[in-house]
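*Asks:* For reference, the chains in residue letters:
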Amino acid sequence: MTTTKLMRRADAEDFVYAEAALLDGGRFGEWLELFAEDGVYWVPANEADNDPERHVSIIYDTRDGLADRIARYQLGRVVQEVPSRTLHLVGNVRVVEDAEPDVVEVTAAMVLYEVHGARTTVHPAQCRYLLTPGPQGWRIVLKKVAFLDNDQYFPNLAYLF
Amino acid sequence: MTPTLARAPAVPEPPPEHPWVQQHRVHRNAYLDEQLFAEELNQIFHRTWIYVGHESEVARPGDYKTTVIGRQPVIVTRDGTGGIHVLMNRCTHRAATVCQAASGNSAFFRCEYHGWTFRNNGELVAPTFSAGYDPADFTAAGFALARAPRVDSYRGLIFASLAPGGESLREHLGRAAEYIDLTVDLAPAGTIRLGAGAHRYSYRGNWKLQSENGVDGYHPNFVHRAFFETSGLGAGLFGPGSTGRAGSLGRGHAVLDFRTMMAPMMRTRLATDDGQRALERLTERLGDRERATEVLLANGTQGYNLLVFPNLQIIGCQLRVIHPRAVGLTEVDLYPYLHDGAGDEENTARLRTHEAFYGPSGGGGPDDIEMFDRVVRGLAVEGVEWLPLVRGLRREVVDGEARWGHITDEQPQRGFYHRWLQLMGASR
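Same order as they appear, the protein sequences are chains A and B. Sequential numbering from 179 applies to the first sequence in my numbering. Sequential numbering from 10 applies to the second sequence in my numbering.
Hints in this document: simulated from the structure, not taken from any laboratory. Just so we're clear, the structure is a prediction, and the values are computed from it rather than from any experiment. We put the CB at the ideal spot given by N, CA and C, even for glycine. Each hint should be verified, as a subset may be incorrect.
As the list claims (entries may be wrong) - Here's a subset of chain A near chain B, in silico, CB distances under 7 Å, partners left out:
hint : residue
1    : Glu231
2    : His233
3    : Ile236
4    : Tyr238
5    : Leu244
6    : Ile248
7    : Leu253
8    : Val289
9    : Tyr291
10   : Tyr331
11   : Ala336
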């Protein structure tokens, strides 16, 4: 039995649903604000889990890297000339035992739809968050998106998950 | 500074003509025709040397990896005595693949259909329930896994050829070997390794689009502008004033050589204490200070983009392998390579550098794929049949088999199709 949890499940659900709404609404600047200064956005390649220090990732962005990525997407050049529209369907939200004194671990299942021109793709994923409380609410220390099909050949993934 | 470019003499020995690939232009059907695609598999992928893996992927006895030659599935194995085999992944009984995993370690491959078991050198151990086979009809020796008749490696890169005869791997590589040497010599231990996984992506377009694009220095200034603007790198690296060179190296191999563009940065880095220490270490290993300087200035992470005909590229710190799956479907593997003898931190930094630009979410890769999609849509137009490859034709420098031009010129593509014509034209 878990005794002390920093975050209730309802709060975790509110958080990931609001985050999904920012992504689907194209409000990337506000989404970036959810990340802690030392936050990391990680999308592993080939497996659900591996050591990003030793294994290539699809994305392993610090907050600065994420800011560059968003700036690039917002220029609207080439692949973003017709921006991808996304729908993040998030569920199975659970608050895992507190990871550290000030950090809570949240897991969620995600079905991500992307529409890019005439193409619609669907990617199922397991998401894992490490969140820390701050004056403006919860901040992301880590967001990990493990695509179930990350051992397969991908089409472009030039948007945010 | 603009490079000095002499007027080229007439091109000697025109290769065989082909209705859809001619001197300096390519017909849209070269990217669309199913029959031509089948001929490319037979005349190119089943005849020349094709990269199948790196020795580090099969380092220990029993190690194996699976891949394809053209569209044919193969297993690259290392047997108990250290020999490397490239076996066709096809049971000699009812044709099922005998190995399903991407990689692993096993002395045997057992077909799950009827239980036939093969050693990792290809030999059939025995058919199951062997009393049902009469020696008059069957010998185990006659039903070993088929194999690529020729396997060889260069600096750790394993190649196979499905043709029993023909030029040696070293002959095939020609001057591409110089760039492979620069890549491998930079590693502190003198070897590179894979093992950090791979980016894998596919696109609905012909394989040649990717082979051409990896050594196309004309497009980055436009296609990758967003990356250059947000990363602080100037797009001028690929502008008219660039000092970089595009080259065809002969035998279809080609290069974009950025070394002159990177030289000021690399010389500054070499002048630091760390740079001087690296130079001392490399001089000791290679026994030649001038060569050590050349290797270090080549940078190794973005000194050049190399195309090894027809489908291997060394770009950034990746080995890129292009797999033709259908005339309009291509799968691409990007294997970041690591430096043996380098610190973990340095190798991790190589991974992060690679991810910044390449792969399905990289800062540059997706823009190329988007352009392939647009090319495929545009190729549907009839009546505009040809794609020209004449850029820089009259300002190139001839250097033996090689031809050099400005970084934005189309020597790499012309060289690629020259070799293509030699192989495809010979069939007609």
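*Asks:* If a hint holds in the structure, say so; if it does not, say that too.
*Replies:* Each hint, compared with the structure:
{"no.": "1", "hint": "Glu231", "verdict": "holds (5 Å)"}
{"no.": "2", "hint": "His233", "verdict": "holds (5 Å)"}
{"no.": "3", "hint": "Ile236", "verdict": "holds (5 Å)"}
{"no.": "4", "hint": "Tyr238", "verdict": "holds (6 Å)"}
{"no.": "5", "hint": "Leu244", "verdict": "violated (12 Å)"}
{"no.": "6", "hint": "Ile248", "verdict": "violated (9 Å)"}
{"no.": "7", "hint": "Leu253", "verdict": "holds (5 Å)"}
{"no.": "8", "hint": "Val289", "verdict": "violated (18 Å)"}
{"no.": "9", "hint": "Tyr291", "verdict": "violated (17 Å)"}
{"no.": "10", "hint": "Tyr331", "verdict": "holds (4 Å)"}
{"no.": "11", "hint": "Ala336", "verdict": "holds (4 Å)"}
The structure is inconsistent with the numbered hints 5, 6, 8 and 9, although it conforms to all the rest.
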